[in-house]
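K.L.:
Take a look at the letters that make up each chain.
There are 2 protein chains.
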Amino acid sequence: MFSNLEQKNSKNYPNSKHFLTFAAVMAFELTSDYVDILRLAIEERKDQFLTEQMQEHYAVDIAEIFNQLGFDEAKYLYDLLPEEVTADVLLEVTEELREELLSSLSTKEIAEQLDNMDSDDAADVINELPEEIQDEVLSHIEDIDQAGDIADLLSYEEGTAGSLMAKELVSVYAHETVNACIEEIRRQTDTVETMYTVYVLDDKERLIGLLSLKKLIVAHPLTRIEEIYDSEIMSVKVTETTDEISDIMRKYDLVVLPVVDSLGRLVGRITIDDVVDVIREEAEKDIQRMSGISDDVDSTDKIWRLSRARIPWLLVGMCGGIIGSRIIGNYETQIKIHPEMAFFIPLIGAMGGNVGVQSSAIIVQGLANNSVSGERLAPKLLKELGVGLINGLICSSLIFGYNMLISDSFHLAAVVSIALITVIMFASFLGTFVPLTLHRFKINPALATGPFVTTLNDILGITIYFLIGRILYSAV
Amino acid sequence: MFSNLEQKNSKNYPNSKHFLTFAAVMAFELTSDYVDILRLAIEERKDQFLTEQMQEHYAVDIAEIFNQLGFDEAKYLYDLLPEEVTADVLLEVTEELREELLSSLSTKEIAEQLDNMDSDDAADVINELPEEIQDEVLSHIEDIDQAGDIADLLSYEEGTAGSLMAKELVSVYAHETVNACIEEIRRQTDTVETMYTVYVLDDKERLIGLLSLKKLIVAHPLTRIEEIYDSEIMSVKVTETTDEISDIMRKYDLVVLPVVDSLGRLVGRITIDDVVDVIREEAEKDIQRMSGISDDVDSTDKIWRLSRARIPWLLVGMCGGIIGSRIIGNYETQIKIHPEMAFFIPLIGAMGGNVGVQSSAIIVQGLANNSVSGERLAPKLLKELGVGLINGLICSSLIFGYNMLISDSFHLAAVVSIALITVIMFASFLGTFVPLTLHRFKINPALATGPFVTTLNDILGITIYFLIGRILYSAV
Chain A
1 MFSNLEQKNS KNYPNSKHFL TFAAVMAFEL TSDYVDILRL AIEERKDQFL
51 TEQMQEHYAV DIAEIFNQLG FDEAKYLYDL LPEEVTADVL LEVTEELREE
101 LLSSLSTKEI AEQLDNMDSD DAADVINELP EEIQDEVLSH IEDIDQAGDI
151 ADLLSYEEGT AGSLMAKELV SVYAHETVNA CIEEIRRQTD TVETMYTVYV
201 LDDKERLIGL LSLKKLIVAH PLTRIEEIYD SEIMSVKVTE TTDEISDIMR
251 KYDLVVLPVV DSLGRLVGRI TIDDVVDVIR EEAEKDIQRM SGISDDVDST
301 DKIWRLSRAR IPWLLVGMCG GIIGSRIIGN YETQIKIHPE MAFFIPLIGA
351 MGGNVGVQSS AIIVQGLANN SVSGERLAPK LLKELGVGLI NGLICSSLIF
401 GYNMLISDSF HLAAVVSIAL ITVIMFASFL GTFVPLTLHR FKINPALATG
451 PFVTTLNDIL GITIYFLIGR ILYSAV
Chain B
1001 MFSNLEQKNS KNYPNSKHFL TFAAVMAFEL TSDYVDILRL AIEERKDQFL
1051 TEQMQEHYAV DIAEIFNQLG FDEAKYLYDL LPEEVTADVL LEVTEELREE
1101 LLSSLSTKEI AEQLDNMDSD DAADVINELP EEIQDEVLSH IEDIDQAGDI
1151 ADLLSYEEGT AGSLMAKELV SVYAHETVNA CIEEIRRQTD TVETMYTVYV
1201 LDDKERLIGL LSLKKLIVAH PLTRIEEIYD SEIMSVKVTE TTDEISDIMR
1251 KYDLVVLPVV DSLGRLVGRI TIDDVVDVIR EEAEKDIQRM SGISDDVDST
1301 DKIWRLSRAR IPWLLVGMCG GIIGSRIIGN YETQIKIHPE MAFFIPLIGA
1351 MGGNVGVQSS AIIVQGLANN SVSGERLAPK LLKELGVGLI NGLICSSLIF
1401 GYNMLISDSF HLAAVVSIAL ITVIMFASFL GTFVPLTLHR FKINPALATG
1451 PFVTTLNDIL GITIYFLIGR ILYSAV
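In order, the protein sequences belong to chains A and B. Under our numbering, the residues of the first sequence are numbered 1 to 476, in order. Under our numbering, the residues of the second sequence are numbered 1001 to 1476, in order.
Chain A extracted, bound-state conformation (with noise of 0.2 Å):
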């Protein structure tokens, strides 16, 4: 979220003298020593020490410092951290840190801190903040135009491009000349600290091209905007949701997005490093949900909000398990006189359990990278069926081998072989139908190869299971 992109978060600081010589700067990596030896400075008070090394470093690994620090420590660090760092800082620490730092500062000093960020950050800061100081912060921000700016982008919906969007950018009129777009710059060198690309506009501000800096430098000074601009520029609306627009800039290899309205005007710029997030928020997310973990939680949250995001499919599970011993009820009388027969139920589970999962996990992934269209599921069964079988008939001849080998009921290897196929074979094709036909009601699939799959195939498995036993031994 930082404004920078070529060499972000800046250290500015006019001492920082291990660049002096050479330029090869290596990241940072935190170690608990160090943040051992942090810890015990600040209970000596040993503020030249500090000082020093917060010089160190870049805001980002302050913030990876202040966050495995308590608040009291973090905040006397924050204290001594110059001004011009603290706005950065704030923006890279951990929600609750920031609240909490936040809440010690008065609506002033936040406005002050809100001064030194990007339009779009500030907003995302201002959302966080308590409602009832929201209006006073932005009263107290001095630059109009950022205030401006920030309650412009407090509009929009979350989750929107306008959420995700910064107003700061540098647009020019067709018809001015490449003289006119450098003064522009100049002008505009200060707010807008990441510059790509000069937007073109026409004479109602409808975005109708673009002019990189290259084409800009290479140019003569009194030649129009108009003959030398690329009037193909990709953009999106202000409604379209951020999933999309990191599908967008992903595919196409973008670096910049500008956002129009529905008029067709250029109303703010999104960047790849805000979309990097949103990847890999998206990833995250997906793995929690495959995981059983209803809501947006992380190992730092509190113990009440980790247990609520992960009861619901606790739940879920636990209904499917009250089920499954409906289920092996009825056939109470089989297991007295086979008991054999509920020695292999965790492995019946278990496998149409991980097969469900497997078949899921392919298919989710290929409608997730456009690789599976969603559309035409014939091909798609007969392929995961196809898996199926081979796998199940590796697993199934194992099974059987192992069971004749240390048993000698041939009945209960016969069950317990067939059922395995059998089952694998549906859990194939469950774990490939439930999450395209999802998709095909606009659900999103990642939510099929979690725990519901799962659930749905230890139901499946000893039903199937049962089922066959019952047919076998009553053959006999």
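Derived by calculation from the structure, the hints in this document are not laboratory data. Treat each hint with caution, since some may be false.
Below are the DMTMM-like pairs computed for lysine to aspartate or glutamate, each with C-alpha atoms no more than 25 Å apart in a straight line [as the list claims (entries may be wrong)]:
| id | chain 1 | residue 1 | chain 2 | residue 2 |
| --- | --- | --- | --- | --- |
| 1 | A | LYS383 | B | ASP1296 |
| 2 | B | LYS1285 | A | ASP295 |
| 3 | B | LYS1204 | B | ASP1135 |
| 4 | A | LYS442 | B | GLU1284 |
| 5 | A | LYS108 | A | GLU136 |
| 6 | A | LYS251 | A | GLU227 |
| 7 | B | LYS1442 | A | ASP36 |
| 8 | B | LYS1442 | B | ASP1135 |
| 9 | B | LYS1215 | A | ASP145 |
| 10 | B | LYS1108 | B | ASP1135 |
| 11 | A | LYS251 | B | ASP1036 |
| 12 | A | LYS285 | A | GLU158 |
| 13 | A | LYS251 | B | ASP1115 |
Got chain A; can you put chain B on it based on the hints?
P.N.:
Leaving out everything else, chain B in the frame of chain A:
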């Protein structure tokens, strides 16, 4: 892997008329109806219609269409494409189709395609070619600089900065003037399509800083570079791993990252679009690992490859099932007397598995985004045990109530409930402990969130369940 980061996959067509008036180009969405129309047109050899249609799309969209066609159809369309587009389309189709298309070309024709690619993309393609023709293709490349760059890149190991970087960049010596720098940019404007930054070198070709194009535009033409360049520049060694690089670029929000050799000399640069692909691939691999798929496969792979990637973890699951069967086997007489014990085997197994996967997913995710440090085990284990206790109490109370309602066996109800909360606590512990331990021994913890933890918890659950059953029932 394209070259123009601002607006990529440029259509390069003179007559894409829908751009002339209004520039809000929207992303292309491929439908199966459209593919059918193209199929029919290919069958009927409607070359003019097809050429017109292809002119409407970006290279990456044409590649998406190709991926939906058979090889003969794709090849027919490929031959209709103008030369400027074919290289870009080749880069974007699936590896399988690219192999087929390339094998239909002569080594000279392949060399022509490589001449139109960025050096990093060209090196990737050469790496995919059969070894016996690689040298021949390289010798046919007309641009000697390009051929040299590709040969250089081929010498770096897979998975390192060297394998990810491109050679196209603009650099100047610190003692040169702004004017000389602009001249250099003008000279290189054809080869280096993406340019946000000019790299600054000392007399020994060592990277000492950068100059943004913005700064270059607003600077006086006779200023020396050394007076205005920015000496704060992050770089990586050519041997750095791609994982590390994606972490660095994401953390520091970089769009380009220069690569230096062991003497600090600039040898290439890595752009964010390549890293976005790395991030996505990593996330996909994690999801596959969690789902018990051992190789990197996708749904378009052949059946036997899909089978092979899945069978290892199925066999692990099967071993777990067999161990489970032996454990239950020890309680054969108990099951004969209390067959209702068997009813809840699936419930206990499923809950242990679900809880374990939930716990480990949270930890793996925390390790991946550095919010969990991998040190100080105790507080994390305590927290997870806390979550386990809350959810375990909820679940076991519910199942106790259910069992008291549905059956009249207080013993069964007690056994299931006590076993359930014990299993949930153990599963929480293992789900946290296993990935943290793997991480400590430098093994990818994502392995642990999958079938491994599930299998382990299955076995553990059954052991606990029957043990508690024996104790409680024998206490009657």
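K.L.:
Hints first: check each against the structure and report whether it holds.
P.N.:
Evaluation of the provided hints:
Distance hint between A:LYS383 and B:ASP1296 is fulfilled; the C-alpha atoms sit about 18 Å from each other, no more than 25 Å. The straight-line distance between the Cα atoms of B:LYS1285 and A:ASP295 is roughly 23 Å, inside the 25 Å bound, and the hint therefore holds. For a cut-off of 25 Å, the pair hint linking B:LYS1204 to B:ASP1135 is broken: about 32 Å separates their Cα positions. At roughly 21 Å between alpha-carbon atoms, A:LYS442 and B:GLU1284 fall within 25 Å of each other, so this suggested pair holds.
For the proposed pair A:LYS108 and A:GLU136, the alpha carbon gap of about 8 Å is at most 25 Å, so the pair holds. For the given pair, A:LYS251 sits about 29 Å from A:GLU227 by alpha-carbon distance, which is inconsistent with the 25 Å threshold. Between B:LYS1442 and A:ASP36 the CA atoms are separated by roughly 23 Å; this keeps the pair inside 25 Å, and the hint holds. For the hint pairing B:LYS1442 with B:ASP1135, the CA-to-CA distance comes to about 38 Å; that exceeds 25 Å, so the pair is violated.
Note on B:LYS1215 and A:ASP145: the hinted pairing holds, with a Cα-Cα distance of about 24 Å set against a maximum of 25 Å. Taken as a hint, the B:LYS1108 and B:ASP1135 pair is honoured in the structure, with Cα atoms around 11 Å apart against an allowance of 25 Å. Annotation: proposed proximity of A:LYS251 to B:ASP1036 holds, straight-line Cα distance about 23 Å (limit 25 Å). For the hint pairing A:LYS285 with A:GLU158, the CA-to-CA distance comes to about 17 Å; that is within 25 Å, so the pair holds.
This hinted pair checks out: A:LYS251 and B:ASP1115 have alpha carbons roughly 23 Å apart, not beyond 25 Å.
Figure legend: structure checked against the earlier numbered hints; hints not met, in rising order: 3, 6, 8.
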